[in-house]
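Work the whole structure out from these sequences, hints included.
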Amino acid sequence: KQEVTQIPAALSVPEGENLVLNCSFTDSAIYNLQWFRQDPGKGLTSLLLIQSSQREQTSGRLNASLDKSSGRSTLYIAASQPGDSATYLCAVGLYNQGGKLIFGQGTELSVKP
Amino acid sequence: SAVISQKPSRDICQRGTSLTIQCQVDSQVTMMFWYRQQPGQSLTLIATANQGSEATYESGFVIDKFPISRPNLTFSTLTVSNMSPEDSSIYLCSVRVGQYYEQYFGPGTRLTVT
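Chains X and U, in that order, are what the protein sequence lines are. Last residue of the first sequence: number 113 in this note's numbering, and the count goes up by one each step with no gaps. Last residue of the second sequence: number 227 in this note's numbering, and the count goes up by one each step with no gaps.
I should point out that these hints are in silico values taken from the structure, not numbers from a laboratory. All the pointers check out, no bait thrown in.
Just the calculated beta-carbon pair ranges, DEER-fashion: (1) U:THR192 with X:TYR76: 35 to 43 Å; (2) U:ILE176 with X:SER69: 35 to 43 Å; (3) U:SER140 with X:GLY41: 23 to 31 Å; (4) U:SER182 with X:GLY41: 21 to 29 Å; (5) U:SER194 with X:GLY16: 45 to 53 Å; (6) U:GLU167 with X:GLY16: 46 to 54 Å; (7) U:GLY153 with X:TYR76: 23 to 31 Å; (8) U:THR130 with X:ALA9: 33 to 41 Å.
Idealized CB from N, CA, C, for every residue including glycine.
Encoded structure:
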């Protein structure tokens with residue numbers, strides 16, 4: 001059974017700092033991995049999708065990496081801003097199950113001005 | 114990408130009643146999903162809804178409690194039946210788009226059962 005873990009559960013950093021969020025999964029037979037952002041009381045916004053054959057994806061100040069063999073992904077946020085404050089969720093798409101997603105518990109990020 | 118709307122955005126309901134949540138997508142999609150997010154928790158998949166077939170439910174979720182309709186390729190409904198306070202959650206629909214199975218989510222429906 002696939003399990004997804006995110007560390008840390010919460011993180012507070014000063015504005016401008018570079019930071020890394022971690023995601024680990026127990027079964028390397030994945031179809032893809034997706035990072036989402038969730039603002040309080042809101043839905044999810046897709047940030048980055050990494051296919052199982054890829055090592056990383058970049059969008060603006062965000063860079064996500066994937067190491068299937070070790071069951072890990074990281075989300076790197078450069079030059080953090082107060083507007084980056086949100087909960088970040090990692091989700092693994094299961095292989096041969098239509099991309100069904102298994103979510104981690106999320107990392108709550110607070111960027112202080 | 115896909116733009117998804119949900120109705121209602123929030124509701125407060127009494128124990129024992131039912132609520133139907135609507136999900137509308139701006140393009141035709143094959144697969145739609147319904148998730149539940151309990152307070153302080155992450156998302157859990159309730160069921161997968163394909164147009165023209167019965168929804169497929171995850172372990173712990175049953176059709177009598179969460180009936181789903183999928184009448185066409187842009188619309189789906191989820192009903193939460195015979196509600197109890199334990200059903201208080203955010204309910205989100207999502208769609209799978211493209212060959213790489215990227216998922217997009219609606220804004221969610223915040224349900225409180227009293």
